[in-house]
Amino acid sequence: AQRVTQPEKLLSVFKGAPVELKCNYSYSGSPELFWYVQYSRQRLQLLLRHISRESIKGFTADLNKGETSFHLKKPFAQEEDSAMYYCALKMDDKIIFGKGTRLHILP
Amino acid sequence: EAQVTQNPRYLITVTGKKLTVTCSQNMNHEYMSWYRQDPGLGLRQIYYSMNVEVTDKGDVPEGYKVSRKEKRNFPLILESPSPNQTSLYFCASSRLGTSGSRTGELFFGEGSRLTVL
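Heads up: the protein sequence lines correspond to chains E and C, in order.
Residues 17 to 123 (this note's numbering) make up the first sequence, in order.
Residues 859 to 975 (this note's numbering) make up the second sequence, in order.
Next comes chain E alone, as it looks inside the complex (with noise of 0.2 Å):
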């Protein structure tokens, strides 16, 4: 079953434009989200996690346990921006991710 849903592939969005990652999750447990981000030619890195409820890059996400989601939001995109971003799920002595969603920032 399908832990982690990422729905959108690919998502094209205009420089200065606001930017919102769509991530909903299913875990029974008290889950623990975070949102990964691997730019060109990089390895994969962390870029934010729920319970610390800080911005990076300008981004944020806020954990809705009623939605179960946990989507990743900038109010202005710029081109670095521009990377695959993984959201994760921890469950128990593992770290599901989804799909990733390809954020490509337009000039």
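FYI, nobody ran anything at the bench for these hints, they're computed from the structure.
Backbone N, C-alpha and C define an ideal beta-carbon position, used for all residues, glycine too.
Among these hints, one or two may not hold up.
Unchecked claim - Looking from chain C toward chain E, a few residues come up when the C-beta cut is under 7 Å (computed):
| # | residue |
| --- | --- |
| 1 | 888 |
| 2 | 900 |
| 3 | 901 |
| 4 | 937 |
| 5 | 962 |
| 6 | 966 |
Dock chain C against the given chain E, drawing on the hints supplied.
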């Protein structure tokens, strides 16, 4: 510099020829894991290890073996590679939290692109 190192970065091999992808981390992390990344399928966990001599299957373990004889190393072994194992492989490590569960921040290697002909 704290990092996870994988070798080789690129490999082309033929069906049935055993190969090993090495992974080493210098952060004294207890937890290590292997993932494969395929277009449209995201990252799928192959095997993971909570500590030395402790390994367990992820979601797609078939055709792979691992070992964890030392804390820093976690090699991925393909005993008889097949074309469906052509993929981009990532090793990752993480420290365990005080509760015994992982903190969730995975540190990734640069990836190993494997092609099986």
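Worksheet entry | Enumerated hints in conflict with the structure, sorted upward | As far as the earlier hints go, 1 and 4 are violated by this structure, in ascending order.
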